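Both chains come to you apart, so use the hints to assemble them.
The listed protein sequences derive, respectively, from chains A and B. The letter at position 194 of the first sequence is residue 194 when you use this note's numbering, and the numbering goes up by one with no holes. The letter at position 304 of the second sequence is residue 304 when you use this note's numbering, and the numbering goes up by one with no holes.
You may find that some hints are simply not true.
[Claimed, not checked] Taking beta-carbon pairs under 8 Å as the criterion, some of the chain B residues facing chain A (in silico):
(1) Val64
(2) Tyr68
(3) Ile103
(4) Phe135
(5) Val142
(6) Gly154
(7) Asp155
(8) Ser169
(9) Leu170
(10) Ile177
(11) Gly188
(12) Leu388
[Said to hold, decoys possible] Quick list of the computed label-pair ranges, beta carbon to beta carbon:
(13) Leu270/A to Arg299/B: 36 to 44 Å
(14) Ser3/B to Gly441/A: 26 to 34 Å
(15) Ala19/B to Asp353/A: 25 to 33 Å
(16) Gly188/B to Tyr454/A: 52 to 60 Å
(17) Gly187/B to Tyr454/A: 38 to 46 Å
It is worth saying that the hints were derived from the structure and are not from the lab. If you're wondering where the values come from, they're calculated on a predicted model, not measured in any experiment. Note that CB positions come from ideal geometry on N, CA and C, so glycine has one too.
So you can see what is in the structure, the chains are spelled out below.
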Amino acid sequence: MNDLVLMGLEGAVLVTGLAVLLLDLWITPDQRRLLGFGAIATLGVIFCASFAYLPDGTQYAFGGMYALDEFALYFKRFFLIAGMFVLLLSVGTSHAEEGGQGEYLSLSLFALAGMMFCASAANLALLFVSLELVTVTFYVLVGFQRRRLASLEAAIKYLIIGALSSAFLVYGIALIYGATGTLDFRQLASLPAAVMESRILWLGALFLFVGLGFKMAAVPFQIWAPDVYQGAPPSTTAFLAVGSKAAGFVLLLRVLHQTLPVLETRWLHLLMGVAGLSIAYGVLCAIPQRSLKRLLGYSSIANAGYLLIGVATLSAAGATAALYYLAGYLYTVLAAFIVIAVVLQHTGRDDFDSLAGLHQRSPLLAAGLTFAMVSLAGIPPLAGFFGKFLVLKAALAAGAEHPGFYWLLGIAVVGVVISLYYYFGVVRAVYWGTPGEQPAGPIRVEWPLQVALYLAMVAILWLGVMPNQITNLAELAVKSLGLR
Amino acid sequence: MASLSFIIFCPLLAALLIAAIPRNFKVLFRLIALGATFLPALAAVRLFLGMEPASGRLQYEEFVPWVYSLGISYHVGVDGLNIGLILMGAIVGFAAACISREITDREKEFYLLLLLMTGGILGAFASYDLFFFYFFHELALVPTFIMIGVWGRGDRKNYATFKITLYLSLGALLSLIGLLALYLQAGGQTFNIVELTRRLSANPLSPGAQQAIFPLLMFGFGILVSLWPFHTWAPLGYAAAPTATAMMHAGVIKKFGLYGLLRVAVPLLPAGAESWLPVLALLCLGNLVYCGLVAMRQRDFNLLLGNSSVAHMGFVFLGIASLSLVGVTGAVLVMVAHGFLAALSFALSGYLHQRLGTLEMVQMGGLLKRLPFIGTVLAMALLAGCGLPGFANFPGEALVLFGAVKAGQWWVILAAWSGLVIGGVYMLRAIRQILHGHLPERWAGVPDAPHAWHKLPYALLLAGLVVFGCFPGLLTKRIQPNASRIVQAVNGPMLAGFPGEPEAAGYWLARGRKVTGHE
Numbered sequence: 001m002n003d004l005v006l007m008g009l010e011g012a013v014l015v016t017g018l019a020v021l022l023l024d025l026w027i028t029p030d031q032r033r034l035l036g037f038g039a040i041a042t043l044g045v046i047f048c049a050s051f052a053y054l055p056d057g058t059q060y061a062f063g064g065m066y067a068l069d070e071f072a073l074y075f076k077r078f079f080l081i082a083g084m085f086v087l088l089l090s091v092g093t094s095h096a097e098e099g100g101q102g103e104y105l106s107l108s109l110f111a112l113a114g115m116m117f118c119a120s121a122a123n124l125a126l127l128f129v130s131l132e133l134v135t136v137t138f139y140v141l142v143g144f145q146r147r148r149l150a151s152l153e154a155a156i157k158y159l160i161i162g163a164l165s166s167a168f169l170v171y172g173i174a175l176i177y178g179a180t181g182t183l184d185f186r187q188l189a190s191l192p193a194a195v196m197e198s199r200i201l202w203l204g205a206l207f208l209f210v211g212l213g214f215k216m217a218a219v220p221f222q223i224w225a226p227d228v229y230q231g232a233p234p235s236t237t238a239f240l241a242v243g244s245k246a247a248g249f250v251l252l253l254r255v256l257h258q259t260l261p262v263l264e265t266r267w268l269h270l271l272m273g274v275a276g277l278s279i280a281y282g283v284l285c286a287i288p289q290r291s292l293k294r295l296l297g298y299s300s301i302a303n304a305g306y307l308l309i310g311v312a313t314l315s316a317a318g319a320t321a322a323l324y325y326l327a328g329y330l331y332t333v334l335a336a337f338i339v340i341a342v343v344l345q346h347t348g349r350d351d352f353d354s355l356a357g358l359h360q361r362s363p364l365l366a367a368g369l370t371f372a373m374v375s376l377a378g379i380p381p382l383a384g385f386f387g388k389f390l391v392l393k394a395a396l397a398a399g400a401e402h403p404g405f406y407w408l409l410g411i412a413v414v415g416v417v418i419s420l421y422y423y424f425g426v427v428r429a430v431y432w433g434t435p436g437e438q439p440a441g442p443i444r445v446e447w448p449l450q451v452a453l454y455l456a457m458v459a460i461l462w463l464g465v466m467p468n469q470i471t472n473l474a475e476l477a478v479k480s481l482g483l484r
Numbered sequence: 001m002a003s004l005s006f007i008i009f010c011p012l013l014a015a016l017l018i019a020a021i022p023r024n025f026k027v028l029f030r031l032i033a034l035g036a037t038f039l040p041a042l043a044a045v046r047l048f049l050g051m052e053p054a055s056g057r058l059q060y061e062e063f064v065p066w067v068y069s070l071g072i073s074y075h076v077g078v079d080g081l082n083i084g085l086i087l088m089g090a091i092v093g094f095a096a097a098c099i100s101r102e103i104t105d106r107e108k109e110f111y112l113l114l115l116l117m118t119g120g121i122l123g124a125f126a127s128y129d130l131f132f133f134y135f136f137h138e139l140a141l142v143p144t145f146i147m148i149g150v151w152g153r154g155d156r157k158n159y160a161t162f163k164i165t166l167y168l169s170l171g172a173l174l175s176l177i178g179l180l181a182l183y184l185q186a187g188g189q190t191f192n193i194v195e196l197t198r199r200l201s202a203n204p205l206s207p208g209a210q211q212a213i214f215p216l217l218m219f220g221f222g223i224l225v226s227l228w229p230f231h232t233w234a235p236l237g238y239a240a241a242p243t244a245t246a247m248m249h250a251g252v253i254k255k256f257g258l259y260g261l262l263r264v265a266v267p268l269l270p271a272g273a274e275s276w277l278p279v280l281a282l283l284c285l286g287n288l289v290y291c292g293l294v295a296m297r298q299r300d301f302n303l304l305l306g307n308s309s310v311a312h313m314g315f316v317f318l319g320i321a322s323l324s325l326v327g328v329t330g331a332v333l334v335m336v337a338h339g340f341l342a343a344l345s346f347a348l349s350g351y352l353h354q355r356l357g358t359l360e361m362v363q364m365g366g367l368l369k370r371l372p373f374i375g376t377v378l379a380m381a382l383l384a385g386c387g388l389p390g391f392a393n394f395p396g397e398a399l400v401l402f403g404a405v406k407a408g409q410w411w412v413i414l415a416a417w418s419g420l421v422i423g424g425v426y427m428l429r430a431i432r433q434i435l436h437g438h439l440p441e442r443w444a445g446v447p448d449a450p451h452a453w454h455k456l457p458y459a460l461l462l463a464g465l466v467v468f469g470c471f472p473g474l475l476t477k478r479i480q481p482n483a484s485r486i487v488q489a490v491n492g493p494m495l496a497g498f499p500g501e502p503e504a505a506g507y508w509l510a511r512g513r514k515v516t517g518h519e
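In isolation and in its complexed conformation, chain B is listed as follows (with noise of 0.2 Å):
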């Protein structure tokens, strides 16, 4: 039951079993999706609780050759670097399709999309195969476009459709380049990350292809995760989105891209790393103080949420871009805290823009006297967002602050703490605009979520910030082995590796070394 496998197909079978069932059905829909989801969050949380914390090793491994000629390989497993992401995407998959009550039209597509998009992040985290990693991901990816442009509101539905459209689909394609590029330059004989790993840290491409490689990937991840100045798609699209997508994509699947740099980018090519995470880190001022100065100017709730979403990306990429080990563990933490996060402020948002039909801040005021749950639960993910200690975003940005003064210069850390007393600033006035003052006449009936059942996936989002945030030390001593040899690849002499053979794959690599060395 608490098998990877499950909780990757578990949400891909059941979009097929939806795919097979009339679409009379509708309440079998709703019923199927919510099941597909809660079963793997489930499981993700077992198998948190249940993994090796402090070793680094990959475990509950699973491995089957897929593709022999090529090296591909369906390998999935969990280290410190991806049991966070899962535990955090397997419980946002759940809210999201607890959220969906909203949808009342073409239920099946609409659950059937999130159920891909659900699997397909799962999967592409848990994966140990440069190519199913990709695949993964662009199973996931595409339902986002479908969805915004069927389901998606306002009037720049279509304009939002097509730039999300366009810039995803662009990234992802450099990074695929990026990819089989570092799969022929590493002798095109497996797509096996533990296999890269072992023949890069042996025998590491030559710098110039380090250096050619690497910005494919910074760029084509950058994109996928609106590195500033790409990220224009970012704010438009989730305002355009319906509920659930904004959700799944801001919370889990945007954080593929910072999940390839720190998996693949930055141990498998660390010269490259070395010359152009300068780069990054300069890009990264441009979302920290850039868009948050951005966020500050909205008057849309949704827009603010977007343009703070790329703001805390930019955390994340500081983290990546110091290169120390406070610094990459903190982005680690950030990427799960900011997961739990935007599916929270999202959903949050998406209840209000049901309720009120406007997201103008201008035009609301005193909602907590009307909405004490929702409102309560709202002010805290705010809080959470300037980061408030006591939520998981606090000992995550914290820590990356301190990664960055380790390692970098003094105006870094000076935006940096900028960034951080503007996210202050936009997120204390939300809160003051919508939540507090005069309520005005027309949303005097406004109702609260109504019972447990409506109100489960919020205090679910919250609890996962909450718990990390009072105990960061579940994800830290989790992620720090990991974090640790991502560092000392770059800077030591000591190389990136997976401590001992990888039981399950040990065997079929060990006989993938000996044909390959047999031809």
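Only chain A is shown next, with the shape it has when bound in the complex (with noise of 0.2 Å):
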């Protein structure tokens, strides 16, 4: 029973699901936004909830296999926010989409449940389980519209690509179950130093990294995001975009300072290569792209970097910052997209062109686009620089040990200087883009995205502002995974 009520807040999760799932059979269209709305107070409700868990260290469920600390909480917080988010986003949007709405908050619902468990996760097995069922479902989610070929075509790419991280991941889990004879974290993290010694549990590790790589759309394993980010429906992008990628991120913290205790001096390399070719990658290949969509997807695979940099100096500091810099990007990649769906609504098309004369048709559209995009280039006062700033003081101080943090440090710093280019041609579209031949009306911004936009921009400044209680609460969640 105590197992159960530790798991509480996924089940509570769950089971919203499944009743929208079941309601949606008795309820006529018209009361299917109530259904959209319902849902999205039940997750409110559970948010709240999850503060009246108060683990005093790391308690553990199903024979160890499921853990709940302030590090699962905070990202279960995080993971609830953005549901809440793309739920507004998708009963908002759902005019244009065809049918289908409690499918898709269903959905929507379990691949929250997936990336809730990925954060207590503390087994390989469970890892792959809660993995696979954000994996599964984003199949879905991703060719969702599917009379429109982009959207297909999206949901085939993300379809392969998945299924082959996702045999990486299996076969890497086999390896190391192979190697050690066990699953769980705990025992993993208690093996005699000589089994370290064995090339296939190396290897195994390796394979674990490629599939968590493929969550966080890091380089190499980027290749899918432009593309899927292009197809997919915008709620389903933002959801990818926020939840999958820090869905990735937790498991790579949790398996990284709690399993292998080698694992750490062992991933450094790799995971400052990722981080360094990440940024690189993403922010010149982000320069010539004239889809708004795509040029996010590029923009996350140089964020994923930024987070890597965090992620690879192996102390608080840098763990704390990347957590923090996840909070601010999550409102801030909630805020663009929330604009990319009502223009994309409106006008078909999500290039820099439709965006012209934004600042006319719709000031609150513009105004929540340039928030989003000045966040991401890292401009105070908005939440982007304090994250960026962590980090930059992370590998700092990861630098004294490990002088190729300096080179990281200088691709991070010229990232940066790059992306104000492209970050700055959105604005720049918007406010002083010439329109072709838009029809140039004002564009009505229904009231739930509204209300979405105002609260998301409200958090970006807030965050940036007043960073002090993230932070603090990021120090909890980082000093209960075990970090000094």
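Laid out in structure tokens, this is it:
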């Protein structure tokens, strides 16, 4: 019974998802929106309930398979917020989408539950199952607009590459099990040194990293990101960009610090290399992009690189930086995708030309997109600045022990400067672009989207101006991970 | 009313207010901007007169802890080093808002950005916390790029925007890394400059660390101030910028890098300063001589001003590099003087550009007949630029030269002196070409600034130049105690610090020490 209580948050999300699926059978199409609001309200209640958990140290459930600590709770709250925004976004844009609203909601809720399980995975089996729960639901979510060719194309790409990475993941887990005879994180952490020498073990760990790298969209596992971002419905892309990426990071952090003790030193160079390559690749490829969704796809690769710098420092400061960075990134990306969703609905396109004159058609959308871009570019006083600041600080501190971080720092700085170009390109298009044959009428934004956009903007500003609360939460989370 | 936070946040909150007003209320934007820059200017004057001049103590302090775990706090105050800059920045901010009458397109965004710039840079000057020091500067810097990109002029506008963005972002990030490195080397517990000064004077960083961090700060700040050979963004950028932006950036925001050298780099890293400042002294000759020669060849008045502003920065670098009391005092004086001067010159060139449609000096001539007021002010500004006594540049540049004589080699002084001569040549030539000689037919109907309200910003800036030119003691008396501590930090056994425990912050800092000690 105690086990079920510990797992209560995920359980509640799953039950909500099932309830939505069932209720959908009985309600009329007009009431579908209400169903969405009901689901969002339930998530809100679950979010509040998450503050009732006060884990004293780490609590385990189901024979050590499931761990609940501050770290897991931080990410569960993170995923719940992301889930609420995504549901709000999908409810707000549902008119354009053909039917299946109930399925969309419940699939999103299942994906959310999968992400929340990821935050608590303390066993390679749960790690695999929860990641698959996320990935498989996303196969459907990406291809949800089944009459749009781009959406189907994106779904196929995501399916093929996702299946490949799952194969790597499960193969890696099998190798690790073969070498050590256990899947449990705590048992892996206390293995005798002799086992650590096994080559098979390290090959398995490498394959595991491949599987996680796919989720994070880090180079060289990034190939799917721009295409899928472009093709998927905006609410799915938003969820993919924040939720799925964060799921990769939560697992990476836990595997890195709570399983094999020498993993940290063995993966150091790997993480640094992947971080540097991700920043360089994402930033350089984003320059020529004309489609906003593709641009955000490449920017998400670059951001994975900045997050990985924080992780690679292997320090509490670095992990805190990554956690804060993710929180800022959450609201920023959500704000951007809310705007994209509305613009897509009205113009059917998401390239820079369709943004021209947006500030006259809807000042709110223009302001929201500007907030998102300025925050992504890392300019004070918005959240993105403080996130980058923390990452750079952590990298510089790590440089004292490992000079390679100075190179990484150089790449990061050059990346920030280059990224100014394309982020400001978007702002420029919004305020000073020349509208072509666009219909110039004002864009009416539905109230759920208005609320979501205002909330995201306030959060971006709030996180940037008052970072104290989030950094405190993040520090608490990192401490529970065993980092100092 | 005369509190520092008011000076900083009045423009910033006004920017928020403007953001909330629908764009139909065009008049309102301008009124808000005028009010929100005038009040801080007034408050800055009161602060300047009200401060206790010769003590060198930290005054008008305000302290609010911000992020405990990292040791970041909002800590503002004034002492001799920054009071002149705050006064100058606030006045230039008001003048820039007055001058922006020429903007008739997207006023809302323009005034919003202008207010962000003003509040941001004043905050940067007032901050005693490395984080906010950088944060506020970045807040002021980014609007510059947007304003040049949007309201800029000339066919090289886009190129100029990209160039200035790339250079200045790189400079800012380099200095950020330098500041972070300094923070981490000093124990990673506090960003507070007062506290850092105390800690580092008790246990200085290892010479190796100092010599690694100092160049980061020197080149980072140097790029921001257009140190030769990283100066090419400046003339181009100012030529393309709208008038108010050029005034704010060339006059005020650019001083941030110099101020950073004096406030952070030199006093906190004395060993680094000792080995790197000779390099700075060498490079600043590039500013003084090379950029002066380039300015001589310019035919466009704005490019001339841009290059001369780069050349003037050479004096400040020279003063800092001399590391003598006289030189450093002079450097701060030049910073303030050049702020007024650059703002005034760009305001005037903006007026000419607006009325004439061109700034080619060959096409002008005899304008003094048509423009008695503007012409006179222009002549005075240009004469101030060659270092005529009676204007604030003269005492500053003279002190810098004395400082260099005391500390430097003969060829440095020779070069600085020839820089002065070159300055005289191009400034006088500009006066001749623009104001004297034959008035071309096409300019026969050019109107002068019509009434007092239009003349006010020019008069204000000129007054700043004349007041500090005739009574440089007003500034030097305030600067000197702080300058002497900076100099002693490097040269002498006495270490840089702030006399006495700063009052408002003392309690919190002591508490912070206890807390970190406890952990």
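Each hint tested on the structure:
no. : hint                             : verdict
1   : Val64                            : 11 Å, violated
2   : Tyr68                            : 7 Å, holds
3   : Ile103                           : 14 Å, violated
4   : Phe135                           : 5 Å, holds
5   : Val142                           : 5 Å, holds
6   : Gly154                           : 17 Å, violated
7   : Asp155                           : 17 Å, violated
8   : Ser169                           : 5 Å, holds
9   : Leu170                           : 6 Å, holds
10  : Ile177                           : 7 Å, holds
11  : Gly188                           : 7 Å, holds
12  : Leu388                           : 40 Å, violated
13  : Leu270/A to Arg299/B: 36 to 44 Å : 58 Å, violated
14  : Ser3/B to Gly441/A: 26 to 34 Å   : 48 Å, violated
15  : Ala19/B to Asp353/A: 25 to 33 Å  : 26 Å, holds
16  : Gly188/B to Tyr454/A: 52 to 60 Å : 37 Å, violated
17  : Gly187/B to Tyr454/A: 38 to 46 Å : 41 Å, holds
Of the numbered hints stated above, those contradicted by the structure are hints 1, 3, 6, 7, 12, 13, 14, 16, listed in ascending order.
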